[in-house]
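Going down the list, the protein sequences come from chains A and B. Using numbering that gives the first Met the number 0, the first residue of the first sequence is number 0, and each one after it goes up by one. Using numbering that gives the first Met the number 0, the first residue of the second sequence is number 0, and each one after it goes up by one.
No wet-lab data here; the hints were simulated from the structure. Accuracy of the hints is not assured; some may be wrong.
Ranges between beta-carbon positions, derived for each pair [said to hold, decoys possible]:
#1 A/327 to B/159: 28 to 34 Å
#2 B/165 to A/18: 28 to 34 Å
#3 B/75 to A/239: 57 to 63 Å
#4 A/5 to B/217: 40 to 46 Å
Calculated cross-link-like contacts (lysine-lysine; reagent style BS3-like; alpha-carbon spacing at most 25 Å) [to be verified]:
#5 B/123 to B/213
#6 B/75 to B/143
#7 B/75 to B/108
#8 B/162 to B/143
#9 B/108 to A/3
#10 A/209 to A/6
#11 B/25 to A/209
#12 A/6 to B/162
#13 B/123 to B/134
#14 B/134 to B/148
#15 B/134 to A/6
#16 B/143 to A/6
#17 B/162 to A/3
#18 B/125 to A/209
#19 B/143 to B/125
#20 B/64 to B/246
#21 B/25 to B/64
#22 A/209 to B/213
#23 B/213 to B/35
#24 A/3 to B/134
#25 A/324 to A/6
#26 B/25 to B/162
#27 B/148 to B/123
#28 B/246 to A/209
#29 B/162 to B/246
#30 B/148 to B/213
#31 B/75 to B/64
#32 B/75 to B/125
#33 A/3 to A/209
#34 B/148 to B/75
#35 A/320 to B/35
#36 A/320 to B/108
#37 A/320 to A/3
Every residue gets a Cβ at the ideal spot worked out from N, C-alpha and C, and that includes glycine.
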Amino acid sequence: MIAKIYKNPYIRFILFGVLAAMVPTLADWGVIRFGTITTLTQVIYFGIAALGLNLLLGYSGSISLGTAGFMGLGAYIAAYVLSDLNMSFLLGILIAILVPTAIGILVGLVSLRISGLYLAIATLCVSEILLESFRQATDITGGMSGKRTSFPSIFGYTFDRASTFIFLVAVLVLVMILTYNLVNSHLGRAFNAMRGSEVAAQAMGVNLLKYRLIAFALATAYAGLAGALCAYYIRAVSPTQWSLNLSLLCLAAVVIGGFRSIYGTVLGAFVVWAVPDLFLKRLPIIGDNPAIPFIFNGVLIIVVIMFYPHGLVHITHDARKLLNKLKKRGKGDADA
Amino acid sequence: MHNTVTLPEGCILSVENLSMHFGGLKAVDDLSFAVKEREIFGLIGPNGAGKTTVFNCITQFYRPKEGRILFNAGRKGESLRPMNLVGLPVHRIIRLGMVRTFQNVEVIKELSLIDNVLIGAHIKFKATVLEQALKLPRARREEKAISEKAVEALDFLGIADRKDLLAGGQPYGVLKKVELARTLMSEPRLIIMDEPAAGLNDSETDALAQSIRKIRDTFGCAVLLVEHDMRLVMDVCDRICAISFGKFLALGTAREIQTSKLVQEAYLGEEEE
Ligand SMILES: Nc1ncnc2c1ncn2[C@@H]1O[C@H](COP(=O)(O)OP(=O)(O)OP(=O)(O)O)[C@@H](O)[C@H]1O
Ligand SMILES: [Mg+2]
Numbered sequence: 000m001i002a003k004i005y006k007n008p009y010i011r012f013i014l015f016g017v018l019a020a021m022v023p024t025l026a027d028w029g030v031i032r033f034g035t036i037t038t039l040t041q042v043i044y045f046g047i048a049a050l051g052l053n054l055l056l057g058y059s060g061s062i063s064l065g066t067a068g069f070m071g072l073g074a075y076i077a078a079y080v081l082s083d084l085n086m087s088f089l090l091g092i093l094i095a096i097l098v099p100t101a102i103g104i105l106v107g108l109v110s111l112r113i114s115g116l117y118l119a120i121a122t123l124c125v126s127e128i129l130l131e132s133f134r135q136a137t138d139i140t141g142g143m144s145g146k147r148t149s150f151p152s153i154f155g156y157t158f159d160r161a162s163t164f165i166f167l168v169a170v171l172v173l174v175m176i177l178t179y180n181l182v183n184s185h186l187g188r189a190f191n192a193m194r195g196s197e198v199a200a201q202a203m204g205v206n207l208l209k210y211r212l213i214a215f216a217l218a219t220a221y222a223g224l225a226g227a228l229c230a231y232y233i234r235a236v237s238p239t240q241w242s243l244n245l246s247l248l249c250l251a252a253v254v255i256g257g258f259r260s261i262y263g264t265v266l267g268a269f270v271v272w273a274v275p276d277l278f279l280k281r282l283p284i285i286g287d288n289p290a291i292p293f294i295f296n297g298v299l300i301i302v303v304i305m306f307y308p309h310g311l312v313h314i315t316h317d318a319r320k321l322l323n324k325l326k327k328r329g330k331g332d333a334d335a
Numbered sequence: 000m001h002n003t004v005t006l007p008e009g010c011i012l013s014v015e016n017l018s019m020h021f022g023g024l025k026a027v028d029d030l031s032f033a034v035k036e037r038e039i040f041g042l043i044g045p046n047g048a049g050k051t052t053v054f055n056c057i058t059q060f061y062r063p064k065e066g067r068i069l070f071n072a073g074r075k076g077e078s079l080r081p082m083n084l085v086g087l088p089v090h091r092i093i094r095l096g097m098v099r100t101f102q103n104v105e106v107i108k109e110l111s112l113i114d115n116v117l118i119g120a121h122i123k124f125k126a127t128v129l130e131q132a133l134k135l136p137r138a139r140r141e142e143k144a145i146s147e148k149a150v151e152a153l154d155f156l157g158i159a160d161r162k163d164l165l166a167g168g169q170p171y172g173v174l175k176k177v178e179l180a181r182t183l184m185s186e187p188r189l190i191i192m193d194e195p196a197a198g199l200n201d202s203e204t205d206a207l208a209q210s211i212r213k214i215r216d217t218f219g220c221a222v223l224l225v226e227h228d229m230r231l232v233m234d235v236c237d238r239i240c241a242i243s244f245g246k247f248l249a250l251g252t253a254r255e256i257q258t259s260k261l262v263q264e265a266y267l268g269e270e271e272e
C-alpha cells in the first residue's frame, strides 16, 4: 500500500515539494544558514527555465541560447506590473509568461526553418537584442541601474523571504507536474519522434514546423515564468543578470542533470547554482577564487558528457544496481 | 476542387509517368503502375533500381518534377476523395489513409515499444496542449482508448509481451514488427513497406508473409511492398511490377514475372543464378 503510494509520480512530486518547503524552517532552527535559502531559490527559478530548455533540447531536439533574454523579459514585465501598474503579482506572472511566449512564437516562425548551430546563433542574437533593449528602454527598465520592485502581496498579506520561497517551491512542483503530464502525452511522443527520427515523425503525421514551434513556445513560457519568480524574490532586476552566461548555465544544468529527466534537471540546477555557493566556496585555499564555479561547471560538463551521457540523475539508478550486485555477491560468498 | 482526378477503376493508387532525377542520374524514368484496392502489390528490381525513390515520391519525401501520384484518399470510414498527392506536405499523407515503413527501421530508441506504436496514432489525438498538461478528461480518455488499441496492434504482431521495453535494446526482427504495428494505428487503406523482410531469417520471413496477408484480410487495406526476398514476393503478392534503372520492365502475377525474359535479363546482369 505504502509502496504503491510512493510509486505514484504525483505523490512523489508533492513529497519532494513538502521536503523542499521545510528549508526555511531548517534555517529558523539553525540547521542551515539563511543565505542558503537565497541560493536554493536560484535553483528553483533557474531550474524552471532549465526544465523548459530540457523540453526543447532534450525532448524535441532543438537548441536555444536565448533562455536568458526571455527570462529577463519576464522579470521586467513582472516587476513592471507589480510596481508601476500596481496590479496583482499573479497577473504579473501571467503576463510575464504570455508576452515572452508570443515573442518566442514570432521568433520561432522565422527561425525554426533552420536548425542546429544556426538556430543556436539566431536565438543568441534575439537574446542579445532583448538585453540591449533592457539597457536602452530606461523609462521602463531603469537602464543600467536596474529596476526595483517589492515582495508580492495578496489579500493584504505581504510575502516575506520565507513565504516567497515556499510559494516558489509550490510553483516548481506545479511546473514539474505539468511537464510530467506533457512529456507523457502525445505531445511528448511527438517531440521524441521528431528528435529520434525526423522522417518517421513526418511519415506519422507530425508537422515538424508546428511541433518545433510548440517546443520553442513552451521553453519561452518557462523562461518568462522563471524571470518573474526571480524578480519577485530578488525584488530587483538589472540587465547584467541576463547575459549569454545564464543561457549557457541553463544548458549546463540540462546536460549535467540529464536530458529528458525532470528530477535530473532540478538536480542539474542544484549542481550548477547551489554546489559552488554551498560547498566550493567553503573549501580551503581554492574557495576564494572566483573562477572556481566556472572551472567546476566546465569540468563537470566534460566529465558528464564523456562518462555519463544520460546525466547525473542516473547515478542513483546505477548505484542501486551496484548495491544489488554487491549484495548478491555477498550472499554468494556466504553461501559458499 | 482544385484537383479532381480519376483513378483507373478499382484502384487505390495510380503512379503515372513518374520521373525523378538526382543531378544527372535518372533514378525513376517515366514509370507507371496502379495498385488495386485490397491488393498486395510488389515492386521489385535490382539494387539501385529506384524502388525506394518511388516510395519517397509517393509519400512526398521527394517532390517529383514529372508525373502524377493519384490516390483515392480517405481513411477507413471516410468518404473517398481521389486526388493528386504531388506537392502535398509529407505530414499530410498519413491523414489521407496512406502510411509507410522504412528500409532502415526508423523507430525511437529511447521510447518503449508501445510508445513507438502510439506515435503511429499521432493524427488520432485531439486534446490540446493545455488539456494534456492538465490531464483533462478528454486527454485522459483518448490516451487510454488509443493505448488499448496500441496493445492490440502489438498483440496482432505477437509482441505485446514486450510492450514496455525500450526499443533501443530490441532485436531487428522485433523492431520491424514495431514499424508494422505502428502503421496499423492510423487506420490506413494503403500500407507501403520498404523491404519488410530485410534482415529477417527464414522462419521470421514466413511469419512476416502470414502477417502481411493477415493485415490485408483483417483491415481490408492494400499493401504495396518493395522486397528483395523473392520467395516472400512470389508468395504474398497478387501482382508484381519489376523495374530496372528506374524504368518499367514488366507487370503481372508471380508466374508471369518469373518467366519474363526482360526481368530475367535484368537480374542476370546483376547476379549470377
Ligand atoms: N537522395 C538522393 N540523392 C542522390 N541520389 C540518390 C538519392 N536517393 C537515391 N539516389 C540514387 O538513386 C538510385 C536509386 O536509389 P534507390 O534507393 O531508390 O534504389 P533501390 O531500388 O531502393 O535500391 P535498394 O534495393 O538497394 O534499396 C541509386 O543510384 C541511388 O544512388
Ligand atoms: Mg531501397
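Tested hints:
Look at residue 327 of chain A against residue 159 of chain B: about 31 Å separates their beta carbons, and that is inside 28 to 34 Å. The hint said 28 to 34 Å for the Cβ distance between residue 165 of chain B and residue 18 of chain A, and at roughly 30 Å that hint holds. Hint check: residue 75 of chain B to residue 239 of chain A, Cβ distance near 60 Å, so the stated range 57 to 63 Å holds. For residue 5 of chain A paired with residue 217 of chain B, a C-beta distance near 42 Å keeps the hint of 40 to 46 Å intact.
For the suggested pair residue 123 of chain B and residue 213 of chain B, the alpha carbons sit about 23 Å apart, so the restraint of at most 25 Å is met. Using a Cα cut-off of 25 Å, the hinted pair residue 75 of chain B and residue 143 of chain B holds, with the two alpha carbons roughly 21 Å apart. Between residue 75 of chain B and residue 108 of chain B, the direct Cα distance comes to roughly 30 Å. Violation of the 25 Å bound is thereby established for this hinted pair. The straight-line distance between the Cα atoms of residue 162 of chain B and residue 143 of chain B is roughly 15 Å, inside the 25 Å bound, and the hint therefore holds.
Between residue 108 of chain B and residue 3 of chain A, the direct Cα distance comes to roughly 29 Å. Violation of the 25 Å bound is thereby established for this hinted pair. Restraint check for residue 209 of chain A and residue 6 of chain A: the C-alpha separation of about 34 Å exceeds 25 Å, so the hint is violated. Taking the CA atoms of residue 25 of chain B and residue 209 of chain A, the gap is about 34 Å. The hint is violated against a cut of 25 Å. Simply put, residue 6 of chain A and residue 162 of chain B have alpha-carbon atoms about 20 Å apart, close enough for the 25 Å limit, and the pair holds.
Between residue 123 of chain B and residue 134 of chain B the CA atoms are separated by roughly 17 Å; this keeps the pair inside 25 Å, and the hint holds. Taken as a hint, the residue 134 of chain B and residue 148 of chain B pair is honoured in the structure, with Cα atoms around 20 Å apart against an allowance of 25 Å. For the given pair, residue 134 of chain B sits about 19 Å from residue 6 of chain A by alpha-carbon distance, which is consistent with the 25 Å threshold. With a C-alpha separation of about 20 Å, the suggested pair residue 143 of chain B and residue 6 of chain A falls inside the 25 Å cut-off, and the hint holds.
With a CA separation close to 22 Å, the supplied pair residue 162 of chain B and residue 3 of chain A stays within the 25 Å bound. For the proposed pair residue 125 of chain B and residue 209 of chain A, the alpha carbon gap of about 15 Å is at most 25 Å, so the pair holds. Between residue 143 of chain B and residue 125 of chain B the alpha-carbon distance is near 13 Å, which keeps this suggested pair within the 25 Å criterion. Restraint check for residue 64 of chain B and residue 246 of chain B: satisfied, since their Cα atoms lie roughly 16 Å apart, inside the 25 Å limit.
A hinted pair counts as satisfied when its Cα atoms are at most 25 Å apart, and residue 25 of chain B with residue 64 of chain B qualifies at roughly 12 Å. For the suggested pair residue 209 of chain A and residue 213 of chain B, the alpha carbons sit about 36 Å apart, so the restraint of at most 25 Å is broken. For the given pair, residue 213 of chain B sits about 17 Å from residue 35 of chain B by alpha-carbon distance, which is consistent with the 25 Å threshold. Between residue 3 of chain A and residue 134 of chain B the CA atoms are separated by roughly 21 Å; this keeps the pair inside 25 Å, and the hint holds.
Taking the CA atoms of residue 324 of chain A and residue 6 of chain A, the gap is near 23 Å; set against the 25 Å cutoff, the hint holds. Using a Cα cut-off of 25 Å, the hinted pair residue 25 of chain B and residue 162 of chain B is violated, with the two alpha carbons roughly 43 Å apart. Between residue 148 of chain B and residue 123 of chain B, the direct Cα distance comes to roughly 11 Å. Compliance with the 25 Å bound is thereby established for this hinted pair. Proximity of residue 246 of chain B to residue 209 of chain A is assessed by CA-CA distance (about 38 Å); at most 25 Å being required, the pair is judged violated.
A distance of roughly 42 Å separates the Cα atoms of residue 162 of chain B and residue 246 of chain B; the hinted pair therefore is violated under the 25 Å criterion. Among the hinted pairs, residue 148 of chain B with residue 213 of chain B is consistent with the structure: their alpha-carbon atoms are about 17 Å apart, no more than 25 Å. Taking the CA atoms of residue 75 of chain B and residue 64 of chain B, the gap is near 30 Å; set against the 25 Å cutoff, the hint is violated. This hinted pair checks out: residue 75 of chain B and residue 125 of chain B have alpha carbons roughly 18 Å apart, not beyond 25 Å.
Between the alpha carbons of residue 3 of chain A and residue 209 of chain A the distance comes to roughly 38 Å, so the proposed pair goes past 25 Å and is violated. Distance hint between residue 148 of chain B and residue 75 of chain B is fulfilled; the C-alpha atoms sit about 15 Å from each other, no more than 25 Å. Note on residue 320 of chain A and residue 35 of chain B: the hinted pairing is violated, with a Cα-Cα distance of about 55 Å set against a maximum of 25 Å. For a cut-off of 25 Å, the pair hint linking residue 320 of chain A to residue 108 of chain B stands: about 22 Å separates their Cα positions.
Among the hinted pairs, residue 320 of chain A with residue 3 of chain A is consistent with the structure: their alpha-carbon atoms are about 21 Å apart, no more than 25 Å.
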